[in-house]
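Enquirer: For reference, the chains in residue letters:
There are 2 protein chains.
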Amino acid sequence: MASNQEEVKVFGMLASPFVSRVEIALGLKGIEYKYQEEEFGNLSDTLFKYNPVYKKVPVLVHNDKPISESLVIVEYIDETWKQNPILPSDPHKRALARFWSNFIDDKYMNALGKVLYTHDEKEREKCIEESEVALQFLENELKDKFFGGKEIGLVDITAVFIAFWLPIVQEVMGLKLFNNEKFPKLYNWSQDFNNHPIVKEKLPSRESLLAFYKARFAS
Amino acid sequence: MASNQEEVKVFGMLASPFVSRVEIALGLKGIEYKYQEEEFGNLSDTLFKYNPVYKKVPVLVHNDKPISESLVIVEYIDETWKQNPILPSDPHKRALARFWSNFIDDKYMNALGKVLYTHDEKEREKCIEESEVALQFLENELKDKFFGGKEIGLVDITAVFIAFWLPIVQEVMGLKLFNNEKFPKLYNWSQDFNNHPIVKEKLPSRESLLAFYKARFAS
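So the protein lines, in turn, are chains A and B. The opening residue of the first sequence carries number 1 in my numbering; numbering runs sequentially from there. The opening residue of the second sequence carries number 1 in my numbering; numbering runs sequentially from there.
Here chain A stands alone, though its shape is the one from the complex (with noise of 0.2 Å):
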């Protein structure tokens, strides 16, 4: 199929970093898309068909094929898509880079995701040092501009939440996981990765977020 007759779209959520991910690596390739706002707590039939396992966003249809989970899905665009590579191309250095995209799901969106809606305050300290000991190992990671090098890469892309909500949630919940002083390569990546013209353009306002996350946590 022509590349002028590709059609690709993005099910989304504005708050959503997973979504962000997706986002971005179309961006880094160059692909415009048609976005397409699902709303929590009320997902379109059309979602449900799309991704009837996990029923959640994101969901990227690539001419009436759909594909889910966003790691899967960054992977997908840069396999389809070879301008600009995500991933690199030496199978050690591909190796390394799945590790620590999937070290940023299992290690830290985990503990975060506990930090965030644990009631129990035993819980929380548990998973707030869990969290800062997954930082610490990005932190000693971090060798370069950006994980991916001089580029962003796979990893950067991963861990977007960190870079760019992790700043706005804790100030949300008055919480102090992330700052110059403890991790400062780490704090001074998220400044070039959120400054990155393409990243900028993708990422939601930051008073978007802030508004989101304060109705949340208010409820």
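The hints are simulated quantities; they were obtained by calculation from the structure and are not laboratory data. The C-beta atom is built at its ideal place from N, Cα and C for all residues, glycine as well. A few of these clues could be false.
Computed from the model, here is a short list of chain A residues facing chain B with C-beta under 8 Å [to be verified]:
#1 67
#2 95
#3 102
#4 103
Take the given structure of chain A and dock chain B to it, following the hints.
Expert: The following block gives chain B in isolation, referenced to the frame of chain A:
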């Protein structure tokens, strides 16, 4: 480096289905390797050095470069040795293989881990239900001899626990989680998979696993 100078080493444990994934993938590629058995609760310093993040098996070491996490390792094997592909070449089919492979770990292995290790009867029943829903998704997804088509692919390798471990575990625990009546397609698949000559060569013996789980659940 010439192929006859390559050094491939696997750090494993007899009873680990995650290690089996790696050994089956290497077997399908026809790659010889040295196997180093690790002791549960008494891991070697070498393993700690190679996998400081998770401190667990499997670890693949290829020409002194370590890689951890079974699914990351299997993709590395597929990208390093091109013969007998484990993932399809079409990007959308690759995405589906990764999706279902991750599904097995997220939705099935997690639910089943809780079935085996919880003492709460209600919690166990909930997890059994979840694990059955996950198996039903896989039953519906199986459209050929293997998930990979005529040949074993990523999803088959990921599902080795279901094919070989699950019948043993349910026997030891007196549970009925997986059989021919509930999941006829998956059951036939499990027979084909376990009897594949390379899989058969790489799996631990049924007797050793039975003994392992009997000892484990007795204690």
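Enquirer: With reference to the structure, classify each hint as holding or not holding.
Expert: How the hints compare with the structure:
no.	hint	result
1	67	holds, 5 Å
2	95	holds, 4 Å
3	102	holds, 6 Å
4	103	holds, 6 Å
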